[in-house]
Amino acid sequence: MAAVIFQELEVSPQRKAWKRLFRRGGAIFGLVVVAFFVLLALFAPWLAPYDPVATSWSAVRAAPSASYWFGADELGRDVLSRIVWGTRASILAGVVSVSISLALGVPIGMAAGYLGRWVDALISRITDAMLACPFLILAIALAAFLGPSLTNAMIAIGISATPVFIRLTRAQVLAAKAEDYVEAARALGNPHLRIALRHIFPNIVAPLIVQATLAIAAAVIAEASLSFLGLGQQPPAPSWGSMLNTARNYVDQAPWMAIWPGVSIFLLVLSFNLLGDGLRDALDPRHK
Amino acid sequence: MLNYLLQRLATIVPTLFFVSVLIFGLQQLLPGDPAIALAGEERDPETIRYLREKFHLDEPLPVRYWYWLSGVLQGDLGDSVRIQKPVTELILQKLPVTIQLAAMAMLIALAIGITAGVISAVKKDTAWDYAVNVFALWGLSTPNFWLGILLILVFAVQLGWLPASGYVSPFEDLKANLSAMIMPAFVLGNAIAAVLMRHTRSAMLQVLSSDYVRTARAKGLDERVVVLKHALRNALIPIITLGALEFGTLLSGAVLTEQVFTIPGFGKLIVDAVFNRDYSVVQGVVLFTATVYITLNLLADLAYFLVNPRMRH
Chain B
1158 MAAVIFQELE
1168 VSPQRKAWKR
1178 LFRRGGAIFG
1188 LVVVAFFVLL
1198 ALFAPWLAPY
1208 DPVATSWSAV
1218 RAAPSASYWF
1228 GADELGRDVL
1238 SRIVWGTRAS
1248 ILAGVVSVSI
1258 SLALGVPIGM
1268 AAGYLGRWVD
1278 ALISRITDAM
1288 LACPFLILAI
1298 ALAAFLGPSL
1308 TNAMIAIGIS
1318 ATPVFIRLTR
1328 AQVLAAKAED
1338 YVEAARALGN
1348 PHLRIALRHI
1358 FPNIVAPLIV
1368 QATLAIAAAV
1378 IAEASLSFLG
1388 LGQQPPAPSW
1398 GSMLNTARNY
1408 VDQAPWMAIW
1418 PGVSIFLLVL
1428 SFNLLGDGLR
1438 DALDPRHK
Chain F
134 MLNYLLQRLA
144 TIVPTLFFVS
154 VLIFGLQQLL
164 PGDPAIALAG
174 EERDPETIRY
184 LREKFHLDEP
194 LPVRYWYWLS
204 GVLQGDLGDS
214 VRIQKPVTEL
224 ILQKLPVTIQ
234 LAAMAMLIAL
244 AIGITAGVIS
254 AVKKDTAWDY
264 AVNVFALWGL
274 STPNFWLGIL
284 LILVFAVQLG
294 WLPASGYVSP
304 FEDLKANLSA
314 MIMPAFVLGN
324 AIAAVLMRHT
334 RSAMLQVLSS
344 DYVRTARAKG
354 LDERVVVLKH
364 ALRNALIPII
374 TLGALEFGTL
384 LSGAVLTEQV
394 FTIPGFGKLI
404 VDAVFNRDYS
414 VVQGVVLFTA
424 TVYITLNLLA
434 DLAYFLVNPR
444 MRH
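Protein sequences appear in the order of chains B and F. First residue of the first sequence: 1158, per the working numbering; consecutive thereafter. First residue of the second sequence: 134, per the working numbering; consecutive thereafter.
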């Protein structure tokens, strides 16, 4: 009995979190599908059966067959190859834009939460102002003024998603600031920057990881939306959103053009959502 | 009540100020001379000179902001370079279409979201609960423009029941209007239904485990009465106020939905403006949206304050 208790105590919190994550079927499914898409993006040149921009007049709107598994589009380009290459744009947009949000949101949120007073008041009002503009509308406006391209779409999505990270970091810092270990670090005479980076930051990472995973799902949809509107990846480079935009005009003649890009967006977003939900339960057992 | 209202208003003023700075700042992102960019593709020298004068582009930035803000405060959001009409007039022209779409979408979202949420909470950990959760995940993960295309494929192309696109005013032909709007409204309501379902489920679970519900059950009341009359009525308070906060999702979704179904509303106005490089319209639409969002937020807060007596103490 004593040995069992001792063994239980030995298990680190990280290991416990991993155990809780792997106990959830949805989270494992999410992890596997995300890993699948990441591999697809990395090895696209070797996995895609055709050149994604090569046109073939003999294959215009060809139905799915042994040569074209997912069919061909209005210019005779292989839909499967474009889906495989399009994974790059979606994964890249998800990861890069959330990295931008984290890089901006976490330091600003920490400054607001840690420094308080007028810094907090100023940052909070600016955050409120940004949150008052609906996410996609702000992203559209930013992408419109910056000019249409995948890079600008990622910047636009990253900036639009930043206020959520500012708010989350600020709230977490405010909670951590009141803890005894921070008080102790302050009593020992640690400088503010060291307290913020060495003592507070490691303790607020878990909710940030959860939010980042869920934000990637939102960023993937946002990139697809901007590309669908013509503000993201520019033709002929493949992107799931722009493929759907073209497919809209051929829905009665070539429905396969619309089905596969949509299924891909859905699967990737669903997987990030499932993974995010799983991580939340694993990293914060109090959350139900 | 008055104190609370004044407190809330006091926080709104700086927020609105920063919204205006943010939206004015968008113009500064334009590469090169804003007058040339604002003049559109024709780059007519006359228009460029007019814009330079109108936007005081030779003045320092704070002065230009002040001129812009003074106009906005008087309801002047500028003029559309492409359509040659005031932006305010364009927004007011397109707004009723989007309001109808948003209202129908919200009704669908409330009907599906609340029903599914209640079923999920009452039948917790059963097949029903799992099915509803799968539905919620589907709603949250499906891009609404894709759902729109799929519905067009099924209901317009394959079955021929509904029109694939277009808009008819309800004052001209109500039946045609409803059949044109039902698919877009469903597409738009789908994602919000998922959010409302999740909130209804957690609010209902909380209420169902409270003492007064246990008392109602102990009195021998019918389970349906307990759930619908005692539990749901209290759980609805946060859900209804949450509905107002979903306005942002509704408008973001409307941009894409109107594009898929070619509905001449507010969302299509901003997309067309983006492609016509009609930047005043883009700025005007964002400013208008943010102001309405802040107002709805305030109204939701006040509604919550009014219906929840605990808030008043």
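Hints were generated in silico from the structure; no laboratory data involved. Hints are supplied without guarantee of correctness; some may be wrong.
What the hints assert, rightly or not - Quick list of the computed label-pair ranges, beta carbon to beta carbon:
1. B:Ala1223 <-> F:Phe304: 51 to 61 Å
2. F:Thr348 <-> B:Asn1347: 50 to 60 Å
3. F:Tyr183 <-> B:Asn1360: 36 to 46 Å
4. B:Leu1354 <-> F:Lys352: 56 to 66 Å
5. B:Phe1186 <-> F:Asn136: 50 to 60 Å
6. B:Leu1196 <-> F:Glu179: 49 to 59 Å
Stated by the list, open to error - Simulated pairs of lysine-lysine, BS3-like, Cα-Cα distance not exceeding 30 Å:
7. F:Lys256 <-> B:Lys1176
8. B:Lys1173 <-> F:Lys257
9. F:Lys218 <-> F:Lys187
10. B:Lys1176 <-> F:Lys187
Model, not experiment: these values are computed from the prediction. All C-beta atoms, glycine included, are put in the ideal place defined by N, C-alpha and C.
Do the hints match the structure? See the list:
no. : hint                               : result
1   : B:Ala1223 <-> F:Phe304: 51 to 61 Å : holds, 54 Å
2   : F:Thr348 <-> B:Asn1347: 50 to 60 Å : holds, 53 Å
3   : F:Tyr183 <-> B:Asn1360: 36 to 46 Å : violated, 57 Å
4   : B:Leu1354 <-> F:Lys352: 56 to 66 Å : holds, 58 Å
5   : B:Phe1186 <-> F:Asn136: 50 to 60 Å : holds, 51 Å
6   : B:Leu1196 <-> F:Glu179: 49 to 59 Å : holds, 57 Å
7   : F:Lys256 <-> B:Lys1176             : holds, 28 Å
8   : B:Lys1173 <-> F:Lys257             : holds, 26 Å
9   : F:Lys218 <-> F:Lys187              : holds, 15 Å
10  : B:Lys1176 <-> F:Lys187             : violated, 64 Å
This entry does not satisfy hints 3, 10, going by the numbered hints stated previously.
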